[in-house]
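Residue numbers (numbering that gives the first Met the number 0), protein chains in the order written: chain A, 0 to 253; chain B, 0 to 293; chain C, 0 to 356.
If you're looking for bench data, these hints aren't it; they were derived computationally from the structure.
Bear in mind that the values here come from a model prediction, so they are computed numbers and not experimental data.
Keep in mind that a hint or two might mislead.
[What the hints assert, rightly or not] Here are the computed lysine-lysine pairs in the DSSO-like style, where the Cα-Cα straight-line distance is at most 30 Å:
hint: 1; chain 1: A; residue 1: 213; chain 2: A; residue 2: 188
hint: 2; chain 1: C; residue 1: 10; chain 2: A; residue 2: 126
hint: 3; chain 1: A; residue 1: 198; chain 2: A; residue 2: 137
hint: 4; chain 1: A; residue 1: 137; chain 2: C; residue 2: 161
hint: 5; chain 1: C; residue 1: 333; chain 2: B; residue 2: 180
hint: 6; chain 1: A; residue 1: 131; chain 2: A; residue 2: 156
hint: 7; chain 1: C; residue 1: 268; chain 2: A; residue 2: 156
hint: 8; chain 1: A; residue 1: 54; chain 2: C; residue 2: 125
hint: 9; chain 1: B; residue 1: 257; chain 2: A; residue 2: 91
hint: 10; chain 1: A; residue 1: 120; chain 2: A; residue 2: 171
hint: 11; chain 1: A; residue 1: 126; chain 2: A; residue 2: 156
hint: 12; chain 1: C; residue 1: 333; chain 2: A; residue 2: 91
hint: 13; chain 1: C; residue 1: 125; chain 2: C; residue 2: 340
hint: 14; chain 1: A; residue 1: 213; chain 2: A; residue 2: 202
hint: 15; chain 1: A; residue 1: 188; chain 2: A; residue 2: 137
hint: 16; chain 1: C; residue 1: 268; chain 2: B; residue 2: 257
hint: 17; chain 1: A; residue 1: 91; chain 2: C; residue 2: 268
hint: 18; chain 1: A; residue 1: 91; chain 2: A; residue 2: 70
hint: 19; chain 1: C; residue 1: 10; chain 2: A; residue 2: 120
hint: 20; chain 1: C; residue 1: 340; chain 2: A; residue 2: 91
hint: 21; chain 1: A; residue 1: 54; chain 2: A; residue 2: 131
hint: 22; chain 1: B; residue 1: 180; chain 2: C; residue 2: 125
hint: 23; chain 1: B; residue 1: 31; chain 2: C; residue 2: 7
hint: 24; chain 1: C; residue 1: 10; chain 2: A; residue 2: 137
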Amino acid sequence: MSTVLEVNNLSISFGGLRAVDDFNINIKNGALYGLIGPNGAGKTTVFNLLTGVYKPDEGKIFLEGENITGKSTMDINKAGIARTFQNIRLFKNLTVLDNVKAGLHNSFGYNTVTGILRLPKYYRVEKEMDEKAMELLKVFDLDNEALYLASNLPYGKQRKLEIARALATDPKLLLLDEPAAGMNPNETKELMDTIMLLKNEFKKTILLIEHDMKLVSGICEELTVLNFGSVLCQGKTSSVLSDPEVIKAYLGDD
Amino acid sequence: MSFISYLINGISLGSVYAIIALGYTMVYGIAKMLNFAHGDIIMVGSYVIFCLMSGTGMSPLVSVILSIVCCTALGITVEAIAYRPLRGAASPLAVLITAIGVSYFLQNTALLIFGANTKQFTSVIKMEPIQLFSGQVTVTGETLVTIVCCLIIMIVLLTFINKTKAGQAMLAVSEDQGAAKLMGINVNGTISLTFAIGSGLAAIAGMLLCSSYPSLTPYTGSMPGIKAFVAAVFGGIGSIPGAFVGGIILGIIEIMSKAYISSQLSDAIVFMVLIIVLLVKPTGLMGKKIQEKV
Amino acid sequence: MKKIKMSKHLKDNLTTFSIVTVAFIIVEILKATGHISSLMKGLLVPVCIYIICAIALNLCVGILGELSLGHAGFMCIGAFSGAFFSKCTQDVITFAPLRFTLAIIIGALFAALFGFLIGIPVLRLKGDYLAIVTLAFGEIIKNVINVLYVGKDTDGFRLSLKDTVSLHLSGEGKIIINGAQGITGTPNDSSFEVGFVLILITLIIVLNLINSRDGRAIMSIRDNTIAAESIGINITGYKLMAFTISAGLAGIAGVLYAHNLNSLMAQPKNFGYNMSITILLFVVLGGIGNIRGSVIAAVVLTLLPELLRGLADYRMLIYAIVLIVLMIFNWSPKILELRKKYSIKGLIGAKKAGEVK
């Protein structure tokens, strides 16, 4: 299996604090990979580094062999990494449908003049975008809310919409930042099914941050545990979760 | 020698800007909003002095004190009625647009009461000019009082903030409103106090400004207000010494460009300074950087 | 469901166009039958100018989500470049409609060019800073035009920032832009009919832009810049695009303004920041982001005080109060909560409360 994401010796400091220190990861095509660790371990910082929100002090990031280190967030998305956010970031005043269509922005194109003059191409491409977006919304069971404003969706559905929007950019690697945060057990169960669907039907490679151990042990094949910015343990889910070091990091020393 | 006299005039005008800028910078630092109506409070304060002195023949000192009281009350009222309801609004533009509305309101109220005609403001400062360099440079009493006032205000304000409990509360609120509230600080009260101080200073600035430039209209406050905001940004918004330094430098730049470049372009030059500062060092000379958390 | 959506925004836009057209026809009938006072007649072109400006500013404030207080400056550039062109070609192009069309295009392009150039540095800033810097640029434009002297003689154009004498014009040369006196003798090409056509063009550009791929990108930046970037949207590019188009449209309003007067001067009352704020008033009172609202607000707020003469003195005061009240009513977190609780929809228990209006 080919490697989708390869990260070598990634580090970043914020004013003397080493937030991420010598981070390495290798994610194979089609994998469902988990990034776990206590609060403040630097998990979201890793996501921010991978998506170009922060520029790393050291280290290299390769996406399918292409060096994307130091590129802008926009270019990294175009190269094939899409993400969701821990604190949901939807386009609140746009409809659910338009949120997904915004994700399709770079996959479907017509120029500004075509849009303003409403040339035939405008209608054709918009129709294609509508169809594609509805298709995606159906996967997440959001098609009945397509014309709702995103801000009017219940919390669980907002999380799903964020994933749908990220998926719309047709990424090679999907980063999910605590997708189950704030969900009840039923919603989490449903979310696990959806993530499995992304893996099996959409053949997406997924890296997710999660605190819900049920979700992590239930669907992730491999794990990396971060503690104080550095990798504590890495490997198959079952062996990582039984590692005494990991248990110590989670439960404390005593 | 004319250079020195321009320099002194610049420092004097800059002192007025600095006093106004202090109001801006404190409000911005603590309430995180640009109080667009701050300049118009200057105008209100000046009209109060004008009415009391020429209308009722009150002494300058009493008029100034009453003007400060009026402006302080006005500042607190405006904050409570117009700005407080918008704290925590989804868009940061909401409170800015409201502040523009307040500015409009004050200007048009003054217009209705006093009309558009220019009122001749009688200087509050009765002091003989001082001759320097054997009479080559004349420093008016207004100029001198303005500079001294500005220095005193600076020192008092810095002492207040660093040495008193209320001042420390202000620092805490400016750092983190939520945390300050949890620590038992009365956030609303602290913000009110900030507006009170800022508006009181605006009244003093109005008195000084109109004593040196004695024509008073409903729009007297708006341009100096905007320039003082430029000064606050220049010095680094939220920083009290920054407002002082920014104000003085801006005053000097304005007077110098009036004298040596073009009187019509002096405003343009002042605004150019703002643009350059914001592009080169957006946090100003003494400001802090704030980054959005992802 | 998709069908509904397409026809929904189409229907919305058609309503806007119908309102504008019907209003135009009514005014034309009133004019033809002499039922309109000369005072009202004089206000028809200014109303068109305000409408175009309000639409342009709403694109910037409501759709892009950035508050510009410098749109009077873009109007000023449009006015002067358009009038400059007309003045120079008055003898060459004698067919007025053609000359005016070209003047409008030139005014729009110049304003857009300045919007683009100013946008590059300005759009790096946010919120309050952006507002104050656009205000600064607007004032700079006004001040520079006030010291700009341009003349023309047999050798071509001459330019000075000092006075007319330093232009060193030869005998038959004439002054075109005379500093603070501005441009005099611009042909009076503006009319209510032209204004109406320009309003339609502005509406087509803005409404179609909003409901297109680019419009979606612009609004996604407004709603959440970080998220927009994460799905590959070019933030700088789209911000600049919206700002430039907005400036260009304000330029069109400027050209219309310049060709409605005999002498064009850049004064605080027509191109100062108070003008920008007046236009902002229309945008806010009509509803931020609501294009049709801007059109209606611009008409009502310009005509109302003229119709109710007794109120004329109080009109700005009333506007200011309405502005403040409206902002608090629409944005205050506490009031929004109350409105949600006691909304008519909520009381009836309508299920569709979540759906877009």
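Against the structure, the hints:
1. With a C-alpha separation of about 9 Å, the suggested pair residue 213 of chain A and residue 188 of chain A falls inside the 30 Å cut-off, and the hint holds.
2. A distance of roughly 18 Å separates the Cα atoms of residue 10 of chain C and residue 126 of chain A; the hinted pair therefore holds under the 30 Å criterion.
3. For the given pair, residue 198 of chain A sits about 16 Å from residue 137 of chain A by alpha-carbon distance, which is consistent with the 30 Å threshold.
4. Note on residue 137 of chain A and residue 161 of chain C: the hinted pairing is violated, with a Cα-Cα distance of about 68 Å set against a maximum of 30 Å.
5. A distance of roughly 18 Å separates the Cα atoms of residue 333 of chain C and residue 180 of chain B; the hinted pair therefore holds under the 30 Å criterion.
6. Among the hinted pairs, residue 131 of chain A with residue 156 of chain A is consistent with the structure: their alpha-carbon atoms are about 19 Å apart, no more than 30 Å.
7. About 51 Å separates the Cα atoms of residue 268 of chain C and residue 156 of chain A, which puts this hinted pair outside 30 Å; it is violated.
8. Between the alpha carbons of residue 54 of chain A and residue 125 of chain C the distance comes to roughly 22 Å, so the proposed pair stays at or under 30 Å and holds.
9. With a CA separation close to 49 Å, the supplied pair residue 257 of chain B and residue 91 of chain A exceeds the 30 Å bound.
10. Annotation: proposed proximity of residue 120 of chain A to residue 171 of chain A holds, straight-line Cα distance about 28 Å (limit 30 Å).
11. Proximity of residue 126 of chain A to residue 156 of chain A is assessed by CA-CA distance (about 24 Å); at most 30 Å being required, the pair is judged to hold.
12. Between residue 333 of chain C and residue 91 of chain A the alpha-carbon distance is near 19 Å, which keeps this suggested pair within the 30 Å criterion.
13. For the proposed pair residue 125 of chain C and residue 340 of chain C, the alpha carbon gap of about 33 Å is over 30 Å, so the pair is violated.
14. At roughly 23 Å between alpha-carbon atoms, residue 213 of chain A and residue 202 of chain A fall within 30 Å of each other, so this suggested pair holds.
15. At roughly 18 Å between alpha-carbon atoms, residue 188 of chain A and residue 137 of chain A fall within 30 Å of each other, so this suggested pair holds.
16. A hinted pair counts as satisfied when its Cα atoms are at most 30 Å apart, and residue 268 of chain C with residue 257 of chain B qualifies at roughly 23 Å.
17. Taking the CA atoms of residue 91 of chain A and residue 268 of chain C, the gap is near 38 Å; set against the 30 Å cutoff, the hint is violated.
18. Straight-line distance between C-alpha atoms of residue 91 of chain A and residue 70 of chain A comes to about 27 Å, which keeps the hinted pair within the 30 Å bound.
19. Distance check on the hinted pair: residue 10 of chain C and residue 120 of chain A sit about 21 Å apart at the alpha-carbon level, within 30 Å; holds.
20. Proximity of residue 340 of chain C to residue 91 of chain A is assessed by CA-CA distance (about 20 Å); at most 30 Å being required, the pair is judged to hold.
21. Using a Cα cut-off of 30 Å, the hinted pair residue 54 of chain A and residue 131 of chain A is violated, with the two alpha carbons roughly 34 Å apart.
22. Straight-line distance between C-alpha atoms of residue 180 of chain B and residue 125 of chain C comes to about 27 Å, which keeps the hinted pair within the 30 Å bound.
23. With a C-alpha separation of about 40 Å, the suggested pair residue 31 of chain B and residue 7 of chain C falls outside the 30 Å cut-off, and the hint is violated.
24. For the proposed pair residue 10 of chain C and residue 137 of chain A, the alpha carbon gap of about 27 Å is at most 30 Å, so the pair holds.
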